[in-house]
Amino acid sequence: MSVVVPRSLAEALTVLGERPDALVLAGGTDLMVELNEGRRRVGDDVTVVALSRVPELRAWTLDREAATIRIGAGVTYADLAAEPFAGLVPALAQAARTVGSPQIRNAATIGGNVATCSPAGDGLPVLAALDAVVELTDGAGTRELPFAEFMVGVKRTARRPGELITAVTVSLLNGWQGYAKVGVRNAMVIAIAGACLAVDGPGRTVRLALGSVAPTIVRAVEAESFAAARADWSAGSFAGDDMAEFGRLAAAASSPIDDHRSTAAYRHHCVDVLSRRLLTRAFPAGGSPRRPSRAAEL
Amino acid sequence: MTLVDIGRRAQGGRIGDSPTRPDGRAKVDGTFRFASDLPMDGAAWGATLRSPHPYARLVAINIAPALAIPGVHVVLTAADVPGRPTYGLITADQPVFADGFVRFVGEAIAAVAADHPETCRRALAAIDVTYEILDPLIDAEAAIAGDTPPIHPDGNVLRAQHIRYGDPTATGAVVVEGTYQIGMQDQAFLGLEAALAVPDADGAGVELHVATQWLHEDRKQVSACLGLEEARVRLVLGGVGGAFGAREDISLQVHTCLLALALGRPVRMHYSRAESFLGHVHRHPASIWMRHHATPDGAIVKIEARFVLDGGAYASTSSAVLLNAITHTQGPYRCPNAVVEGYVARTNHLPCGAMRGFGVVQACFAHESQMDRLAAACGVDPLAIRVRNAIATGDPMITGQILESVAPVVRCIREAEALALPPPADPDEPLARPGGAGLTADPQHVYRGVGWGVSMKNLMYSEGFDDYSTARCRLVAVDGGARVTLKFATSEVGQGFVTIAAQIARTILGVDDVELDRIDTGIGSAGSTSASRQTWMSGGAVDAACRAVREDVVNAVGGRLGIDPLRLVVDGADLVDSMGDYREPVAVALGDITFDRTVEYHHRPTEELDEDGQGNCHTAFAFAAHRAVVDVDTELGLVKVVQVATAQDVGRALNPLSVIGQIEGGIAQGLGLAVMEEIVQIDGKIRNASFTDYLLPTTVDMPPVVAALVEEPDPQAPLGAKGVGEPPCISVTPAIAAAIRDALRQADGNSTRADRITRVPVRPSDITAT
Amino acid sequence: MSEQYRLHVNGVDHDVADAWLGENLLYVLRERLGLYGAKGACEQGECGSCTVLVDGELVCACLVLAASAIAQPIVTVEGLGESGARPTDVQQAFVDAGAVQCGFCTPGLVMAAHDLLARNADPTPTEINEELAGNICRCTGYGRIVEAVQRVAVSRRSERRP
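Chains as they are written, first to last, in my numbering: chain A, 1 to 298; chain B, 1 to 770; chain C, 1 to 162.
Careful: at least some of the hints might be erroneous.
[Unchecked claim] Listed next, with one range per pair, are the computed distances between beta-carbon atoms: (1) C/Arg157 / B/Pro422: 19 to 29 Å; (2) A/Arg143 / C/Pro125: 41 to 51 Å; (3) C/Arg6 / B/His116: 18 to 28 Å.
Keep in mind that the hints were calculated from the coordinates and are not lab data. For each residue, glycine too, the CB sits at the ideal point set by N, CA and C.
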């Protein structure tokens, strides 16, 4: 077994080029758990590439003209939960705040979360709602995949051997956005169901992405269209009568299962409830949400 | 926050003070040695191979591929057990290594010793086991019905015990019944199982350093399995990281010793968390039907009940847990007539045994749920009905035993009731709402409920078991002062016995300098650290040993000075003639004599039950009342416990700060059982053997506790002090469930969903009824 | 990379040789460097008993691949305060407030409390709860632990006043 700690992206890519089967280690919150539990056998011929010392991966940059924000794969959930990032993408900050504990948030990276692609990954519904694009790099160059094409199944992605996730780019929307997740405990808990709702005011679209309720993150497109069509955009409100239908459409978009954490029936119910509550926060009865996203000021 | 007056003195400290614990400094700076922190030169690592199947015939075990791995020294199986092949606390029905059959997921099949834990893991993976998979028995009712083939030579019913008291035909004008479910809780101590076994040079003895609850009982079972005399098996208490019942049974003790003796080298063994879930016993899941008959104004006339506990694959302490459960059917209330059927079944589920509360947790959830139903049916306030029926000293229980303990039930209720309710939720603090950081609820989704629970809990062991304790006290003058050295085998598992032992000695002998000797089998048994018994029993032993020394001192000094020893008393740090002028420091009075006494302390004898469940089977009782305030998002079914208030009958608080620690910690465990802790087994296999999915309360889940200590010293207790470890975790669970029901009634305007809350832990889908 | 690497722990360099490179930092600290303060209770990052500081950030040592933690300052509970001389104010407060029972969670909590107070000198109870949510205690129910943290915050504030 060997461990390599590259000091630059170029060095990391070189190693991965030589050993495309190498295990990539970011924060360790997934890979180290597997190692410690013996669920991943690490033979003597394995190479681990530890990315914690690659500075290029730990930066995020704002592109005002394109209204996007490019988040380096090494950016931690602690970084995402803190200002100034939190003010730019509040839903991702909210999701980050629900991830594990302070110790976990200091180590866990967005790149690692995307690479693992568990349907319960807390940041993933936000990425899906914000049209995230995953940037993949290898020795030959860089390519981009929309998140919906990147995540192909439960913990299965379109990443090729030798490719490194180098960044995730999300849209900066002008409008309310928020994340909510249901768990049995009040902290440090895997989502039984999660949802992100994001509003694009100028574009008059509503995005609703659901986590833990299907093999992949789901965009509830029928619910989204319904909400966009029925919202009173100028008043910033949504009729109460339509709320029930919105929740029903959202739940219909999910295909949850029974497992040791919960039941399909309860998860359906959660999607219905969370979707309606998020929409109510975005389009409150009196019009105009209390806390617009900072992106509105750009 | 608490209304308790924490004693003034921080250092030294006598009975009633709250001195800091003697091992506190080492625990905060990381130098305290737990059983997992005991390196030894030349030690090998041990690990255990466990069954992945709940029920299977063991056809063949091929250990050769494991032995072929470099660094693997030895692989042991059932054939390598030199002594008795089985062990057990009550019945020795559990094999050291599976032989012929495996009966639960996690049953030990083999053990290996190697140079590195990773090598051990590879060795375990290389052992080739052939199983013939059998259909597991996972239905406790089916096991009791008697029409399933036995999964063990001793049969599928671990115990059946009934109680018939008074007039079985009596009825009441008001009748309420319900069936209540309690899920399997895990003790989840943080200090994982760990041991170091050091073989004697001649290979005919071994020293075992281990985290355990009862050194002598471990020694008895270990020596029998090793085929060695008890004197050749010496146990030393390694630092214990919590117990809560999971360390009463043998886990890794025999395996570690066998490996060390086979290897001729020390062996360390540590369990992982996943393995720990498999490697110790759990709280019995239970299904309890109860029917209460009462007069129209709520006086209990009769209780009928049927208890079915799932004991899992091996007997452990199941028969005692069942006894506790059924004898606490009536709770802290008078009950003139009772008909109770009790069963604990053997199944292919994880073995169950002791966990803090020991059967009374299950009974209490049922009887407190019933008391609320009774209150509603009679149109009586839930507290009023409890006060109306409260048991008092001198009343009989449904075993026919007269309650002799001090029993301040009404006072506990009233004092808990008097504790201030919490302020309303802050609408601008989303993290304080149910769902926490998940941000699921807005203020309008949340309803606040209040609920009550009251409990009675037996102290010490029962049914004729003489669980005595032993302590040694040595007093000697040293460097111009005096020093007491105490020795006992009492397992310190975090509860703070090491603190109060010194407080007792200082109070009796007037000497501040108290040293504690190593805790090991070099002295007689202290009994188990369980059953809320150590303050009474080991405190009683220390008290008795110190008093014996004091008597020797006054006899010696009186004889020397010509003063009647009966006039000599300890006053502070001095020895004084209560009727004369003599006064000098104890340290001076000692001269150069060493005073040294070892005393056994026994509680009064108890009896077994007859076939009608009648007999004086328990030793003593303690009481507690809990009030829970919860906020519930009734649409999503998420719960935030806002406050728990309690008044607990402690007899006398020897160390008030330690008592508060037990109360807050016990409430946390009861809260866990109420809303989040459950081992999930599907088709006989555990699905959540990790802290990811076996959820313990975090700082965000645990509310502030307000506590009142009810101190009415019990004349039967050697120091007036009752045990305090278990009462805090028992009635808090039904109090939280009742509070959830209260919130649902407010949200719905009716009791339909509330009445369906009949199980703990309460899951979100139980609340939402989706 | 060879199977030898150097870790910088509590201000001291340690060479780790002949190690299996899959060892996590918790194992190396304890079994190779003799620093038994950090504890393993879950090896999943779910309990916080193994909490240490790596490069100034609070992390679970069980989730750090030891061989990757090179050239970063690592601080364990043994490295807090002046060794042998006196406990830190946080450590003393834990003892005084009754926040220590079995003690298995204590080193991790002491680390987390130090980090919390370094970043937030005047935390509210809600903030204390949130910042310590990654440290499980099974014995105390947290009441005395939160009290200990509050005592330190108060006493540090009064020391800062002129």
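For each hint, the structure was consulted:
For the hinted restraint 19 to 29 Å between C/Arg157 and B/Pro422, the CB-CB distance of approximately 26 Å keeps it satisfied. For the pair A/Arg143 and C/Pro125, the supplied restraint of 41 to 51 Å holds, since their beta-carbon distance comes to about 49 Å. Take C/Arg6 and B/His116: their Cβ atoms lie about 21 Å apart, and the range 18 to 28 Å holds.
The structure fails none of the hints (numbered hints given earlier).
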